[in-house]
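Student: Protein sequence lines correspond, in order, to chains W and H.
Each residue of the first sequence is one higher than the one before, counting from 1 in full-length UniProt numbering.
Each residue of the second sequence is one higher than the one before, counting from 1 in full-length UniProt numbering.
Honestly, the hints are just simulated from the structure, not real lab data.
Hints may be right or wrong, so weigh each one.
Pairs count within a copy or across copies, as identical chains cannot be separated in the list.
No farther apart than 30 Å at their CA atoms in a straight line, the calculated lysine-lysine pairs in the DSS-like style are these [said to hold, decoys possible]:
id, residue 1, residue 2
1, Lys56, Lys249
2, Lys56, Lys202
3, Lys264, Lys234
4, Lys264, Lys12
5, Lys264, Lys56
There are 2 protein chains.
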Amino acid sequence: MQREIHLANRPKGLPTMETFNFVEKPMPELKDHEVLVRTLYVSVDPYMRGRMIDAKSYIPPFKLDEVITGGVVGEVTKSTSESFKTGDFVVGNLNWAEYTAASEQEVRKIDPTIAPITTHLGILGMTGLTAYFGLLDIGKPQEGETVVVSGAAGAVGSVVGQIAKMKGAKVIGIAGTQEKIEYLKNELGFDEAVNYKLDSFKEDLAKAAADGVDVYFDNVGGEVTDAVFTLLNKHARIALCGAISSYNKDGQDYGPRLQSTMIKTSALMKGFTVGDYAADFATASTDLGKWLSEGKLKYEETIVEGFENIPDAFLGLFDGTNLGKQLVKVADYETTNR
Amino acid sequence: MQREIHLANRPKGLPTMETFNFVEKPMPELKDHEVLVRTLYVSVDPYMRGRMIDAKSYIPPFKLDEVITGGVVGEVTKSTSESFKTGDFVVGNLNWAEYTAASEQEVRKIDPTIAPITTHLGILGMTGLTAYFGLLDIGKPQEGETVVVSGAAGAVGSVVGQIAKMKGAKVIGIAGTQEKIEYLKNELGFDEAVNYKLDSFKEDLAKAAADGVDVYFDNVGGEVTDAVFTLLNKHARIALCGAISSYNKDGQDYGPRLQSTMIKTSALMKGFTVGDYAADFATASTDLGKWLSEGKLKYEETIVEGFENIPDAFLGLFDGTNLGKQLVKVADYETTNR
Numbered sequence: 001m002q003r004e005i006h007l008a009n010r011p012k013g014l015p016t017m018e019t020f021n022f023v024e025k026p027m028p029e030l031k032d033h034e035v036l037v038r039t040l041y042v043s044v045d046p047y048m049r050g051r052m053i054d055a056k057s058y059i060p061p062f063k064l065d066e067v068i069t070g071g072v073v074g075e076v077t078k079s080t081s082e083s084f085k086t087g088d089f090v091v092g093n094l095n096w097a098e099y100t101a102a103s104e105q106e107v108r109k110i111d112p113t114i115a116p117i118t119t120h121l122g123i124l125g126m127t128g129l130t131a132y133f134g135l136l137d138i139g140k141p142q143e144g145e146t147v148v149v150s151g152a153a154g155a156v157g158s159v160v161g162q163i164a165k166m167k168g169a170k171v172i173g174i175a176g177t178q179e180k181i182e183y184l185k186n187e188l189g190f191d192e193a194v195n196y197k198l199d200s201f202k203e204d205l206a207k208a209a210a211d212g213v214d215v216y217f218d219n220v221g222g223e224v225t226d227a228v229f230t231l232l233n234k235h236a237r238i239a240l241c242g243a244i245s246s247y248n249k250d251g252q253d254y255g256p257r258l259q260s261t262m263i264k265t266s267a268l269m270k271g272f273t274v275g276d277y278a279a280d281f282a283t284a285s286t287d288l289g290k291w292l293s294e295g296k297l298k299y300e301e302t303i304v305e306g307f308e309n310i311p312d313a314f315l316g317l318f319d320g321t322n323l324g325k326q327l328v329k330v331a332d333y334e335t336t337n338r
Numbered sequence: 001m002q003r004e005i006h007l008a009n010r011p012k013g014l015p016t017m018e019t020f021n022f023v024e025k026p027m028p029e030l031k032d033h034e035v036l037v038r039t040l041y042v043s044v045d046p047y048m049r050g051r052m053i054d055a056k057s058y059i060p061p062f063k064l065d066e067v068i069t070g071g072v073v074g075e076v077t078k079s080t081s082e083s084f085k086t087g088d089f090v091v092g093n094l095n096w097a098e099y100t101a102a103s104e105q106e107v108r109k110i111d112p113t114i115a116p117i118t119t120h121l122g123i124l125g126m127t128g129l130t131a132y133f134g135l136l137d138i139g140k141p142q143e144g145e146t147v148v149v150s151g152a153a154g155a156v157g158s159v160v161g162q163i164a165k166m167k168g169a170k171v172i173g174i175a176g177t178q179e180k181i182e183y184l185k186n187e188l189g190f191d192e193a194v195n196y197k198l199d200s201f202k203e204d205l206a207k208a209a210a211d212g213v214d215v216y217f218d219n220v221g222g223e224v225t226d227a228v229f230t231l232l233n234k235h236a237r238i239a240l241c242g243a244i245s246s247y248n249k250d251g252q253d254y255g256p257r258l259q260s261t262m263i264k265t266s267a268l269m270k271g272f273t274v275g276d277y278a279a280d281f282a283t284a285s286t287d288l289g290k291w292l293s294e295g296k297l298k299y300e301e302t303i304v305e306g307f308e309n310i311p312d313a314f315l316g317l318f319d320g321t322n323l324g325k326q327l328v329k330v331a332d333y334e335t336t337n338r
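Build the full structure now, drawing on both the sequences and the hints.
Tutor: Below, the structure written as structure tokens:
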């Protein structure tokens, strides 16, 4: 037997432990061209909140009383595929389960000698690609411009700021704790970092962005974004990656209308998901891997241990407790096969 | 002596007749390289509302107790410029006055034999260029896509819809009277037209846009736009040209936050003003002139007579009374010179 986590009900507002249901299931059987993947690390991501409600979106909603799926790094413990053998490390969108039977198209082999296997859920995975495309394709930062990143100490935001620095921009991060502020400035080399939980936030941001804002990479939406909008320069670009401040609002979230400001500044705003750029993943992965190996990109992981703690780790995303990428370690890999 | 219209005070909410002050002034004296322009037609445009308040924007605000400026077609009655002679027709951003002294850089000669002189304030002027660039550079309609235009029976909207039809799109106009709805469908060849003042507006729009919305050219903002947003297709493009529904709101205008929808659909939204495209005016003017001469573009003008009626014509824009381009005829041209 092995454990899976199912969606027990569709949350209104903030999900709770009751949103999830732990279910014991028999070990999956393999068909042809499949692998049995033992889960080592699970990625918990804010976008998954969107899949918990029954609404039209870029990916279908999770089904009630079925297993939740997300980013997983694991090892192959059984294979009916010629492309994979026992002991291979793989990454894929797999079950929140201790074991997943996956087709060979659903997983990609990863090389543990180049970078830690967890990076394929973070800086070398969807997280890094999301930062890369949103910033470079939509934000297009130019040397000397001011780039603002919200959710700056999160998995995506921290990569965005570092790439923007490489492009010669002045980078301002927005985060919610003093620890994160210091991390952004002292560890990641952000020019400025502003705490949105302080009463002085708007003034602090205006002071940090004294030359206005040319690029805004938005992970959070809401009132943080309202403050950034008052500082937009002519021809500003806004990459909409996430709106975590809205995800747990029950019903419509209201705010100042943005259109007049966008007309006055000829601003461009674009929503995106990393899947929009699938055709260019290879180039981007090469760039990210190169920057990582050259020491130009740093990353932080917040790792919780234990399969049973996946829901907690997910809920923690909405408290802003994680620094960098939030992962759950489910098991050690079995050294017997190498 | 001649008359000018000055900004008497900065309006809060809807401007009134008290916003304007008629002032008698001596006939302007010419310096070197100038022309004296006798005003024939004045253009009144929604964007001018924005210049009446003291706020940072893409053009500086009108000054209190000084003359208001806007699009004017006139004839040269005196010239110290070698480029212009008495009797020439010119267009420029000139005073709301019976006569303006303008430098030779401020006016452009127009040829009355190619198209009526008023078209240079409308379909062959800033209005046509605004429609052209917003639709083609931001909206980029493809054959078979659905294009929605708000303020569709206005000067800009009516051109947008016709160009979108030329590009093979299905075109849906949104307007506020039954007369306009019929004009859009029967005269301009829109596929559908929906009246936003009817209780059934949302249902009517959803029915008209049964395949969703790929391009939205927005002249109005507010609740009309909220309704369009519920219908966006993946990779929708939104050209923000105006937000007339907000212009007369005193204080901040609130509405549903748009970010989550934009992320789900990977939508692009861009504000613009026609000045952003100054480098490409020549190409666009050639296209518009060609389409007009080939009968592919139709236009309507609503012309009020009399200098004293300029404020009224301007205020009428916010009631939605005008069909097509709203102009004020100030004087007949003097035939003695040709």
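Student: Does each hint fit the structure? Answer for all of them.
Tutor: Tested hints:
{"no.": "1", "hint": "Lys56 / Lys249", "in the structure": "within (17 Å within a copy, 33 Å between copies)"}
{"no.": "2", "hint": "Lys56 / Lys202", "in the structure": "between (35 Å within a copy, 18 Å between copies)"}
{"no.": "3", "hint": "Lys264 / Lys234", "in the structure": "both (8 Å within a copy, 26 Å between copies)"}
{"no.": "4", "hint": "Lys264 / Lys12", "in the structure": "between (37 Å within a copy, 19 Å between copies)"}
{"no.": "5", "hint": "Lys264 / Lys56", "in the structure": "between (32 Å within a copy, 8 Å between copies)"}
Violated hints for the displayed structure: none, as all numbered hints are satisfied.
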